[in-house]
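Q: Could you build all of it, start to finish, from the sequences and the hints given here?
Going down the list, the sequences are from chains A and B. Letter by letter, the first sequence follows residues 1 to 353 in this note's numbering. Letter by letter, the second sequence follows residues 1 to 228 in this note's numbering.
Take the hints with a grain of salt, since some may be wrong.
[As the list claims (entries may be wrong)] With a straight-line Cα cutoff of 16 angstroms, these simulated EDC-like cross-link-like pairs (lysine to aspartate or glutamate) come out:
(1) Lys-73/A with Glu-87/A
(2) Lys-73/A with Asp-134/B
(3) Lys-73/A with Glu-123/B
(4) Lys-5/A with Glu-48/A
(5) Lys-49/A with Glu-123/B
(6) Lys-165/A with Asp-82/A
(7) Lys-49/A with Asp-11/A
(8) Lys-15/B with Glu-176/B
(9) Lys-39/B with Asp-191/A
(10) Lys-165/A with Asp-191/A
(11) Lys-7/A with Asp-59/A
(12) Lys-286/A with Glu-341/A
(13) Lys-100/A with Glu-176/B
(14) Lys-49/A with Asp-16/A
(15) Lys-120/A with Asp-108/A
[What the hints assert, rightly or not] Derived DEER-like restraints, expressed as beta-carbon distance ranges:
(16) Ala-205/B with Thr-126/A: 33 to 39 angstroms
(17) Asn-124/A with Ser-207/B: 53 to 59 angstroms
(18) Phe-46/B with Thr-126/A: 36 to 42 angstroms
(19) Ser-128/A with Ala-44/B: 46 to 52 angstroms
(20) Thr-126/A with Glu-192/B: 53 to 59 angstroms
(21) Gly-34/A with Ile-133/B: 31 to 37 angstroms
(22) Ile-99/A with Gly-83/B: 50 to 56 angstroms
(23) Ala-22/B with Asn-124/A: 34 to 40 angstroms
(24) Thr-269/A with Trp-34/B: 55 to 61 angstroms
(25) Thr-126/A with Ile-133/B: 26 to 32 angstroms
[Said to hold, decoys possible] Residues of chain A placed beyond 12 angstroms of chain B at every Cβ, according to the derived structure:
(26) Lys-7
(27) Glu-111
(28) Gly-133
(29) Thr-146
(30) Tyr-171
(31) Asn-211
(32) Ile-295
What the hints contain is simulated information worked out from the structure, not anything from laboratory work. By construction, the Cβ of each residue, glycine as well, lies at the ideal position given by its N, Cα and C atoms.
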Amino acid sequence: MIECKIKIHLDGFILDANFSIPDRDITVVFGASGSGKTTLLRAIAGLEKSDDGYLKVGDSVWQNGKNFLATHKRQIGYVFQDAALFEHLDVKGNLGYVIKRTTGLKEDFIESIFNLLDIKALLNRTTSQLSGGERQRVAIARALLTHPKILLLDEPLSALDLKRKNEILPYLDSIHNDLEIPILYVTHSHDEMSRLADHLLLIEDGNIMGNGPVNDMLTRLDMPLSHGGDAVSIIEAKVMGHDTEFNLMHLEFSGGQFVVPDNDLPVQTKVRVRVAARDVSLTKSKQVDTSILNIFPAIVQEMVTEGEAQVMVRLEIKETILLACITRKSSSKLGLEKGKEVFVQVKSVAILS
Amino acid sequence: MLNELDFSAVIVTIKLALVSTAILILIGTPIAWWLSQTKFKFKAVFEAIIALPLILPPTVLGFYLLITLGSNGPIGKLLESLGGSSIAFTFSGLVVGSVIYSMPFVVQPLQNSFNSVGRVPLEVAATLGASKIDRFFSVAVPLARSGFITATVLGFAHTVGEFGVVLMMGGNIPGETGVLSIAIYDHVEAMEYGQAHLLAGGLLATSFLMLIFVYIINRHFSIMRSKD
Numbered sequence: 001m002i003e004c005k006i007k008i009h010l011d012g013f014i015l016d017a018n019f020s021i022p023d024r025d026i027t028v029v030f031g032a033s034g035s036g037k038t039t040l041l042r043a044i045a046g047l048e049k050s051d052d053g054y055l056k057v058g059d060s061v062w063q064n065g066k067n068f069l070a071t072h073k074r075q076i077g078y079v080f081q082d083a084a085l086f087e088h089l090d091v092k093g094n095l096g097y098v099i100k101r102t103t104g105l106k107e108d109f110i111e112s113i114f115n116l117l118d119i120k121a122l123l124n125r126t127t128s129q130l131s132g133g134e135r136q137r138v139a140i141a142r143a144l145l146t147h148p149k150i151l152l153l154d155e156p157l158s159a160l161d162l163k164r165k166n167e168i169l170p171y172l173d174s175i176h177n178d179l180e181i182p183i184l185y186v187t188h189s190h191d192e193m194s195r196l197a198d199h200l201l202l203i204e205d206g207n208i209m210g211n212g213p214v215n216d217m218l219t220r221l222d223m224p225l226s227h228g229g230d231a232v233s234i235i236e237a238k239v240m241g242h243d244t245e246f247n248l249m250h251l252e253f254s255g256g257q258f259v260v261p262d263n264d265l266p267v268q269t270k271v272r273v274r275v276a277a278r279d280v281s282l283t284k285s286k287q288v289d290t291s292i293l294n295i296f297p298a299i300v301q302e303m304v305t306e307g308e309a310q311v312m313v314r315l316e317i318k319e320t321i322l323l324a325c326i327t328r329k330s331s332s333k334l335g336l337e338k339g340k341e342v343f344v345q346v347k348s349v350a351i352l353s
Numbered sequence: 001m002l003n004e005l006d007f008s009a010v011i012v013t014i015k016l017a018l019v020s021t022a023i024l025i026l027i028g029t030p031i032a033w034w035l036s037q038t039k040f041k042f043k044a045v046f047e048a049i050i051a052l053p054l055i056l057p058p059t060v061l062g063f064y065l066l067i068t069l070g071s072n073g074p075i076g077k078l079l080e081s082l083g084g085s086s087i088a089f090t091f092s093g094l095v096v097g098s099v100i101y102s103m104p105f106v107v108q109p110l111q112n113s114f115n116s117v118g119r120v121p122l123e124v125a126a127t128l129g130a131s132k133i134d135r136f137f138s139v140a141v142p143l144a145r146s147g148f149i150t151a152t153v154l155g156f157a158h159t160v161g162e163f164g165v166v167l168m169m170g171g172n173i174p175g176e177t178g179v180l181s182i183a184i185y186d187h188v189e190a191m192e193y194g195q196a197h198l199l200a201g202g203l204l205a206t207s208f209l210m211l212i213f214v215y216i217i218n219r220h221f222s223i224m225r226s227k228d
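A: Shown next, in the form of structure tokens:
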């Protein structure tokens with residue numbers, strides 16, 4: 001567990017963060033600009049000081065009351081927004097800077113980090129010879145070489161264009177899969193959040209508004225993310241097979257199978273899919289003469305009105321939770337209420353990984 | 001060519017400038033670092049004290065130094081009570097005067113370049129396990145290298161060119177406190193314009209070359225920075 005209870009006053013702004021999150025997987029700290037995400041990350045790194053508080057990461061206590069462990073004594077990997085490589089050192093020098101200062105670093109660990117981020121080809125370059133994506137890769141490798149108990153990433157993709165972003169994302173996946181390091185990832189991008197988060201920490205005006213598994217946070221109707229045009233559900237699935245005749249792919253999730261256009265992912269690959277609430281419609285009986293392929297029986301769990309004309313419906317397809325945004329008129333026509341059995345029709349499914 | 005007296009003036013001047021510059025870098029670096037990092041309310045007071053020699057007539061500075069360091073002054077008395085002697089009219093006295101007189105020329109470029117390093121590289125170093133003192137030497141100093149070069153050259157050149165302070169508290173003792181700028185003055189007083197030309201021209205050329213060096217170095221570093 002990562003336990004955090006800190007309060008930080010910066011001129012005119014107060015961050016009051018009291019939460020605990022699992023010390024594995026990726027926790028995305030999500031909120032608008034100025035909500036205190038970066039301040040929270042800096043506080044965990046010890047770059048902002050809470051006069052009183054408690055911070056424990058795994059089995060290390062970094063703050064207990066007034067006892068505050070300085071940044072350089074915390075086992076953290078911190079990746080700054082714009083990579084922040086040392087300009088007076090080349091790539092090798094930047095990485096050597098950490099290697100020199102980390103005790104007990106094994107040669108094969110260094111090797112594995114270099115391989116993980118494909119660093120070897122960059123070693124003899126100066127920092128000005130790197131592209132934005134390469135700079136960020138070196139920065140991530142440099143942070144991992146501290147052998148951190150937690151990896152803190154402060155909007156690491158925000159300075160990159162879409163192409164470079166997609167270049168870096170697979171590396172973050174490998175870190176997630178290969179290293180047992182919890183990752184705290186700060187972003188205000190809905191796309192990055194839904195692509196990466198296992199766990200979500202919602203922050204607003206310096207306060208923690210929500211904390212839990214990502215699909216919970218996205219679909220709980222008392223949470224802000226389940227409202228508005230951006231409302232989505234995230235479902236973990238696995239590739240089951242390919243339909244070569246129609247070039248389709250079958251994805252199994254705990255609730256049924258999605259049929260989506262084939263993108264040649266091998267069978268058994270784990271994928272994460274995103275379904276927008278506005279792409280989900282409901283019917284009383286199972287439609288047969290329809291173009292929609294993805295139809296599942298579901299139970300209405302909860303519903304709230306969304307503005308004047310719409311209703312957000314939270315549905316259960318076996319163990320999977322899905323949001324549907326429909327009009328108030330349709331809801332009344334279908335006689336929707338809690339516990340009602342319906343069929344959901346999913347118009348489109350986005351594969352995130 | 002240079003006579004023996006002029007030659008000794010050149011040697012004393014170079015020696016004075018070298019010793020003073022070394023001391024200036026040693027003292028000026030921590031002062032500049034502190035000024036660049038502190039959020040202390042009365043920082044401006046310290047900056048003003050450091051900058052005073054820029055606008056004060058050197059004779060004023062020399063006068064007060066003479067009074068403080070002389071055998072009747074507080075520091076002079078202290079030195080004598082410790083078994084030493086007053087350092088007015090000695091080479092050490094000149095060094096003390098030069099260090100104070102040239103301090104702003106060393107502290108200001110250093111402070112500026114420490115400021116332009118910014119806090120991010122230092123924070124990065126902290127997250128990578130570098131202690132405060134380690135961060136200073138491994139990040140702040142190399143990133144502020146153009147400031148060090150400027151500070152060294154300006155400190156050196158300014159010490160070579162000082163006149164008023166030396167006049168007040170040096171005493172022009174050949175081989176001890178007789179420096180170039182005084183030697184030029186003496187030559188002019190004695191109507192030896194040829195000798196004066198030789199020394200003045202040499203000083204002019206050297207100072208000019210040193211400044212060109214400073215500007216080239218700074219241009220080089222700013223080009224390197226803008227490439228990133």
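Q: Between the alpha carbons of Lys-100/A and Glu-176/B, is the straight-line distance 16 angstroms or under?
A: 48 angstroms, violated
Q: Cβ-Cβ distance between Ser-128/A and Ala-44/B: within 46 to 52 angstroms?
A: Given about 37 angstroms between the Cβ atoms, the range is violated.
Q: Quick check: does the Cβ-Cβ distance between Thr-126/A and Ile-133/B fall within 26 to 32 angstroms?
A: Given a distance of about 27 angstroms, which is inside 26 to 32 angstroms, the answer is holds.
Q: Run the C-beta distances from Gly-133/A to all of chain B and say if the shortest one exceeds 12 angstroms.
A: Label holds. Min Cβ-Cβ 16 angstroms, cutoff 12 angstroms.
Q: Check whether the Cα positions of Lys-165/A and Asp-191/A lie no farther apart than 16 angstroms.
A: OK: Lys-165/A and Asp-191/A at ~11 angstroms, within 16 angstroms.
Q: Given the hint that Lys-15/B pairs with Glu-176/B, test it: the Cα-Cα distance must not exceed 16 angstroms.
A: 10 angstroms, holds
Q: Would the hint linking Lys-73/A and Glu-87/A be met if the CA-CA limit is 16 angstroms?
A: Outside the cut-off at roughly 24 angstroms; violated.
Q: For the pair we were handed, Lys-73/A and Asp-134/B, check the Cα-Cα distance against 16 angstroms.
A: Since the Cα atoms of Lys-73/A and Asp-134/B sit roughly 13 angstroms apart, the hinted pair holds (cutoff 16 angstroms).
Q: Going by Cβ atoms, does Lys-7/A stay more than 12 angstroms from chain B at every point?
A: 21 angstroms, holds
Q: Quick one: are Thr-126/A and Glu-192/B within 53 to 59 angstroms, going by C-beta?
A: 56 angstroms, holds
Q: Hey, Lys-165/A versus Asp-82/A, does the alpha-carbon distance stay inside 16 angstroms?
A: 13 angstroms, holds
Q: Is 34 to 40 angstroms a correct range for the gap between the Cβ atoms of Ala-22/B and Asn-124/A?
A: Holds, since Ala-22/B and Asn-124/A (Cβ atoms, about 37 angstroms apart) stay within the stated range.
When the structure is compared with the earlier hints, violations turn up for hints 1, 9, 11, 13, 17, 19, 29 and for no others.
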